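Taking our numbering, the leading residue of the sequence shown gets 22, the next gets one more, and so forth.
Please note that a few of the clues may not be correct.
Said to hold, decoys possible - Below, in silico cross-link-like pairs of lysine-lysine (PhoX-like), each with a Cα-Cα straight-line distance of 25 Å or less:
#, residue 1, residue 2
1, Lys147, Lys109
2, Lys148, Lys182
3, Lys100, Lys148
4, Lys109, Lys69
5, Lys187, Lys218
6, Lys131, Lys182
Keep in mind the hints are simulated off the structure, nothing from the lab. Note that this is a predicted model, so its numbers are computed, not measured.
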Amino acid sequence: MQMNTPPRSTIRLTRRGRIALIATGAVVAGTAVAVPLLSTVPRQEPEKPTTLVIPEGWRASRIYAAVDKALALPVGTTKKALPTAGLKLPNDAEGNPEGYLFPATYPLEKATPRTLLTAMADTANKKFNGAPIAAGAQRNAMNVYQAVTIASLVQAEAATKADMGKVARVVFNRLAHGMPLQMDSTLNYALNRSTLKTTLADTRIQSPYNSYQRMGLPPTPIGSPGDDAVRAAISPTPGDWLYFVTVKPGDTRFTSSYAEHQRNVAEFNRNQQRLATPKAR
22 MQMNTPPRST IRLTRRGRIA LIATGAVVAG TAVAVPLLST VPRQEPEKPT TLVIPEGWRA
82 SRIYAAVDKA LALPVGTTKK ALPTAGLKLP NDAEGNPEGY LFPATYPLEK ATPRTLLTAM
142 ADTANKKFNG APIAAGAQRN AMNVYQAVTI ASLVQAEAAT KADMGKVARV VFNRLAHGMP
202 LQMDSTLNYA LNRSTLKTTL ADTRIQSPYN SYQRMGLPPT PIGSPGDDAV RAAISPTPGD
262 WLYFVTVKPG DTRFTSSYAE HQRNVAEFNR NQQRLATPKA R
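I would like the entire structure built from these sequences, with the hints used as guidance.
As structure tokens, this is what we get:
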């Protein structure tokens, strides 16, 4: 979260030789002609993947594209299959599977877009509706869908696994204080991008995912959270933090002081500026 806005052949082997034509008892006059001898190698089809890996934090749109690619289908095929897939989703999701396409490894043998989406959603339901998550959500006065939404924010915002519980605590603290979340990850979701550079204009976009202007949680999760993020969402680290910023890789600073946060943000901006300045040669 940033509180201010400045900031993976077929080789055709050709053998060439020369053939000297010699008649019995006589030398054939003239120059030997180079005759290309072509050896064709049978065309080999590229190996098809046997599994599909969905990483933590991927958005539904990226998962649809990955399924299309893995199954060698035209772009958009998986998304079009969604209405007829019959996924089991919470009522709050209103048919949107965002957050409920669980990150894991799925076999591709005999797979179709529908079977893959179903497997992802079934895995998510098994994970999220189990007693620990359901009880944890209730303990924090929220339903499971809200817990998954918070977990998706944690997955997107936390720089490390160790920071996840603290990020979750910031979310809870800001909600408790009646403060907007002001998280760039929600803007990136609305704008279908990923970047650290958020502008003032970005914070003014009209979107239910604009957590700078709208209070409370976004209407849906913003990606597929993994186990660690979900655990953080139901058991946030104790603390009074209201702000955080990753000043540099490995250095995320949490604070309850706005003045201190502003100093941390200024340092973040200086680091970004140094990275953007071409080095003299």
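Results of checking the hints against the structure:
For the hint pairing lysine 147 with lysine 109, the CA-to-CA distance comes to about 11 Å; that is within 25 Å, so the pair holds. Distance restraint check for lysine 148 and lysine 182: the Cα-Cα separation of roughly 19 Å lies within the 25 Å cut-off, and the hinted pair is therefore satisfied. A distance of roughly 23 Å separates the Cα atoms of lysine 100 and lysine 148; the hinted pair therefore holds under the 25 Å criterion. This hinted pair does not check out: lysine 109 and lysine 69 have alpha carbons roughly 30 Å apart, beyond 25 Å.
Annotation: proposed proximity of lysine 187 to lysine 218 holds, straight-line Cα distance about 22 Å (limit 25 Å). With a C-alpha separation of about 35 Å, the suggested pair lysine 131 and lysine 182 falls outside the 25 Å cut-off, and the hint is violated.
Hint check: violations occur at hints 4, 6; the rest are consistent with the structure.
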